[in-house]
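Number of protein chains: 2
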Amino acid sequence: MIRLQPIARNCRLCIPQAAVLYRASPVSYAITARIFSTSSSPQRKDGASSTYGRKASGRNLPEASSVAKESENAQNETSLNDGGEDVYPPTPIKGAREYFDKAGIPGMDLQWNPRGIFGKNYRGKSTKSSAATLRTFCHCELCRNKANGQRTFTESAIDPNIRIASVEALPEGLRINFTSEEKRLDKEGTHTSDWPWHRLLAAVKYHVFRGNPPSETRIHLRTKVSYWDAAMLEKRIASIDYSRFKEFDGKWDVITQLCHLGIVIVKNVPLKEESVSAVAERIGPVRETFYGRTFDVKAKPNPDNVAYTAESLGLHQDLLYLHSPPKIQILHCMENTCEGGLSLFSDGERAATALLATLGADHPLVKALMERKVPYQYYAGGRNYYQARRVLEYSAGQLQKVYWSPPFVGDSTRRDMDFTPEWIRAARVFEDMINAEDAVFKFRLEPGDCVLFDNMRVMHGRTAFDSGTGSRWLRGAYISNEDFLSVASMIPRSVLRRSADQDSTDAPIRKGIALPKSSIEDLHKAVQRHGFDVVNN
Amino acid sequence: MIRLQPIARNCRLCIPQAAVLYRASPVSYAITARIFSTSSSPQRKDGASSTYGRKASGRNLPEASSVAKESENAQNETSLNDGGEDVYPPTPIKGAREYFDKAGIPGMDLQWNPRGIFGKNYRGKSTKSSAATLRTFCHCELCRNKANGQRTFTESAIDPNIRIASVEALPEGLRINFTSEEKRLDKEGTHTSDWPWHRLLAAVKYHVFRGNPPSETRIHLRTKVSYWDAAMLEKRIASIDYSRFKEFDGKWDVITQLCHLGIVIVKNVPLKEESVSAVAERIGPVRETFYGRTFDVKAKPNPDNVAYTAESLGLHQDLLYLHSPPKIQILHCMENTCEGGLSLFSDGERAATALLATLGADHPLVKALMERKVPYQYYAGGRNYYQARRVLEYSAGQLQKVYWSPPFVGDSTRRDMDFTPEWIRAARVFEDMINAEDAVFKFRLEPGDCVLFDNMRVMHGRTAFDSGTGSRWLRGAYISNEDFLSVASMIPRSVLRRSADQDSTDAPIRKGIALPKSSIEDLHKAVQRHGFDVVNN
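Chains as they are written, first to last, in our numbering: chain A, 1 to 537; chain B, 1 to 537.
Treat the hints as calculated values from the structure; they're not laboratory data.
Some hints could be false.
You can't tell identical chains apart in this list, so a pair holds if it fits in one copy or across any two.
[Said to hold, decoys possible] BS3-like mimics (lysine-lysine), calculated; alpha carbons at most 30 Å apart, straight line:
{"hint": "1", "residue 1": "525", "residue 2": "235"}
{"hint": "2", "residue 1": "205", "residue 2": "373"}
{"hint": "3", "residue 1": "373", "residue 2": "401"}
{"hint": "4", "residue 1": "251", "residue 2": "205"}
{"hint": "5", "residue 1": "146", "residue 2": "517"}
{"hint": "6", "residue 1": "125", "residue 2": "298"}
{"hint": "7", "residue 1": "401", "residue 2": "102"}
{"hint": "8", "residue 1": "298", "residue 2": "146"}
{"hint": "9", "residue 1": "235", "residue 2": "246"}
{"hint": "10", "residue 1": "125", "residue 2": "373"}
{"hint": "11", "residue 1": "125", "residue 2": "367"}
{"hint": "12", "residue 1": "235", "residue 2": "125"}
{"hint": "13", "residue 1": "235", "residue 2": "146"}
{"hint": "14", "residue 1": "205", "residue 2": "367"}
{"hint": "15", "residue 1": "146", "residue 2": "373"}
{"hint": "16", "residue 1": "367", "residue 2": "235"}
{"hint": "17", "residue 1": "401", "residue 2": "94"}
{"hint": "18", "residue 1": "120", "residue 2": "205"}
{"hint": "19", "residue 1": "272", "residue 2": "298"}
{"hint": "20", "residue 1": "94", "residue 2": "525"}
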């Protein structure tokens with residue numbers, strides 16, 4: 001398993017080295033920890049423990065049981081009071097400070113009382129991880145299946161009134177002894193949980209312990225994003241040989257390029273029918289659709305999709321009538337001897353970003369594209385799919401997605417989908433921008449070429465071909481959004497470093513995002529052509 | 001293609017018969033329609049047309065071009081005025097009234113002016129379908145590919161200032177002649193669109209023309225939903241023979257049962273490895289996951305999932321860490337000679353609905369389950385999936401979904417996921433309810449049995465088995481939510497009628513939804529066991 005990034009930005013404790021270090025040092029010492037630092041509580045002195053492992057759970061001192069009783073008595077008070085003021089003033093955990101000082105986080109301190117562990121977040125505010133939470137996320141062998149990391153108990157098995165009986169600071173982390181454990185989890189009625197310092201810090205600061213949830217924004221901050229026009233893509237598009245793609249680095253390069261430019265070519269893919277799914281499976285599970293697990297793009301009699309004709313195909317995205325349209329599309333060229341049939345690609349987010357960056361979200365043109373919904377529908381052959389989507393999906397002050405797929409527009413007259421003159425003019429501006437001469441990357445796929453692209457960003461199409469002059473056969477497959485993000489969130493840092501310097505020439509418009517100059521020129525032309533003002537009046 | 005239901009409730013015009021009738025009557029007559037009923041406009045008289053088809057578009061009168069010019073002059077006024085007051089008073093379309101009278105909608109009337117077609121919605125409010133919208137949704141041979149129903153143009157190709165030049169009422173519908181057509185769509189610079197009366201009425205009333213978007217609520221209104229306990233399911237669960245499942249009716253029965261009870265058994269499925277995907281494909285495309293297109297549930301060395309052991313498996317739902325967890329799970333029993341290894345099923349929505357119906361959404365127990373999120377995570381083998389879900393997903397005054405999958409709870413300490421004592425007690429109530437003796441349907445899958453169930457509603461599990469006493473091998477596959485709903489929205493009415501009378505014994509708690517009595521008893525027991533009051537205080 002590859003750990004890729006700190007759990008939090010700037011958190012040097014979360015980096016893999018720390019975890020390795022932690023596992024590698026078995027020497028431990030203990031710091032005397034007082035239970036219930038207020039007068040009424042029993043005191044406890046615990047000697048050094050020579051092993052650092054789950055086995056220790058049986059070693060709880062007899063006092064623990066009296067703590068359990070005390071805790072039981074406090075039940076009502078706890079239910080009322082939990083999350084509010086803690087009745088026991090917290091005690092500093094001295095080993096923590098030493099560890100954080102060494103780890104370059106001076107001044108960081110942790111405290112504890114029976115209710116939980118206390119710390120400070122990045123803003124200096126006090127935070128707490130409750131005993132129940134710490135117990136729930138125990139990673140010991142009893143609580144997690146070692147082979148697959150799965151929890152062996154339900155969180156409801158935790159005693160609602162569980163308390164921390166004592167803590168022991170070890171060089172690698174904190175041993176937490178819990179009290180009032182339910183019999184169904186542990187025969188002893190107690191439990192011991194070992195927390196590496198970096199994990200404990202993460203817990204107190206309220207961030208995720210293992211990995212980060214896969215988020216496109218976070219992935220893009222790592223890979224950077226460059227929007228492109230034809231000239232720029234011509235120069236930059238990566239062609240990766242199939243033999244290299246089959247290696248570790250090659251695979252990650254392909255994934256990185258899909259995040260960075262949204263398109264990449266794998267060359268010399270064997271001319272076998274199963275190749276396209278082999279390429280897909282190297283990245284993620286195939287997203288099967290009602291067109292099949294893979295599909296053949298060639299002229300067919302009675303086609304159920306315009307793609308399966310010899311006609312030209314305007315720029316579009318695939319399957320927008322699905323709730324989750326496929327993220328990655330893979331097209332493997334098996335034959336291409338026809339006249340015509342060039343592949344077309346255009347960066348939809350380049351156009352959308354130029355519109356937003358230049359005109360702003362309040363411009364009537366932009367507003368029309370952000371408000372009116374377009375109905376996408378597939379209603380044939382016993383299948384019924386429907387989604388209404390805006391051209392510019394905008395929220396939280398930011399462009400989220402671009403949706404443009406005219407051949408798949410279905411039927412609807414819902415009032416918010418009415419095609420007003422203003423909407424049509426706005427759509428024409430967008431259409432002109434993605435179809436502009438300098439926007440469209442045009443090339444001929446040769447047999448063995450496999451193009452992979454981000455269907456949620458890049459519009460694709462083709463010129464018409466003459467099926468009388470030869471044959472044209474592409475094989476296609478999809479990868480779903482979540483399956484792709486799942487993998488893309490794991491790109492190793494070494495791969496990122498290699499591709500980091502490529503974009504220094506572009507002017508960034510937002511952190512990590514660059515826009516080619518031509519976009520603004522295309523925008524001005526298109527906006528004026530359709531009778532809008534560039535300045536919002 | 002099967003048309004299943006009226007486009008709108010009570011809309012007798014939308015039923016398939018109307019469409020068939022319409023197509024079957026080629027005789028037509030025309031009603032003289034005046035263009036621009038105000039003084040300045042040119043008048044037009046058009047004779048009867050003997051054919052009713054797209055070919056008529058060339059027959060537009062020369063006056064149309066002057067209308068185009070007029071419309072061009074009105075451009076600025078239109079942009080400012082569109083959607084507001086119409087400058088031309090609308091003219092009644094006489095043929096419409098006659099048709100609606102005959103079709104049993106007396107008093108319904110349509111009117112038109114160059115801006116669009118006007119009518120009234122169910123509340124008697126005036127509605128309008130604009131010329132641009134009507135033009136966009138033209139279904140003629142030029143505008144839609146006949147073989148696949150796909151649009152042949154982008155909606156931006158419509159002239160923003162398009163107007164209706166004239167209308168002709170035919171027995172089957174309205175012929176609409178548009179003016180100021182863009183050259184890129186039609187060489188004539190005009191377009192003619194034939195609208196069946198029922199489609200036109202739908203357009204004016206703002207509902208979807210073809211089919212309805214697949215919605216689970218609408219599907220459940222048709223199939224009805226019965227929540228079950230063990231005794232009730234024992235009596236009611238449908239066992240459908242594989243030979244019948246392969247026929248038209250059998251397939252739809254299986255789909256209906258999946259909506260109604262959330263579980264169904266197909267018997268005598270051939271003991272072949274490919275059977276499970278054959279069963280899935282008969283319903284929808286397979287939802288492939290990183291476990292594979294299909295998966296084998298048997299005890300394995302080094303399992304990457306607790307399912308692949310011989311251990312007991314508590315009630316849970318699969319893959320809740322996916323953004324769209326699979327809707328339907330299919331388990332095909334290949335071998336089952338071990339001691340133990342009984343299959344367990346429990347209706348999660350029965351428990352959730354009982355909680356909500358008895359305690360109400362404001363009860364602290366229910367609130368805890370509706371507010372706290374549980375982090376689901378898979379973080380291993382280079383994969384990273386994460387979703388935070390509430391036990392009761394409640395919105396719009398209604399239970400949306402139930403999520404319960406303790407073995408797959410991942411790591412997080414986000415504040416809204418803190419495991420407070422109250423949350424734990426609430427979770428215990430839910431856990432007790434789904435695990436109650438009378439809630440859990442227990443049975444032994446025999447080789448050849450294939451159980452299909454709704455993973456978003458029904459929790460499943462198994463008792464431990466002794467792999468020394470024989471072999472246990474299930475093959476599994478999934479169908480995604482949207483692929484299932486796509487098909488389930490197409491259940492023929494004949495199938496629904498056959499299974500309609502089954503539920504008359506249950507007391508419905510909401511329209512079309514029934515709850516067995518035991519649920520309330522289980523609820524009272526569980527609520528009191530964990531120290532909550534049944535009445536919200």
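- Task: Return the numbers of the hints above that this structure violates; sort them in rising order.
- Result: Hints 4, 5, 6, 7, 12, 13, 16, 17, 20 not satisfied by this model.
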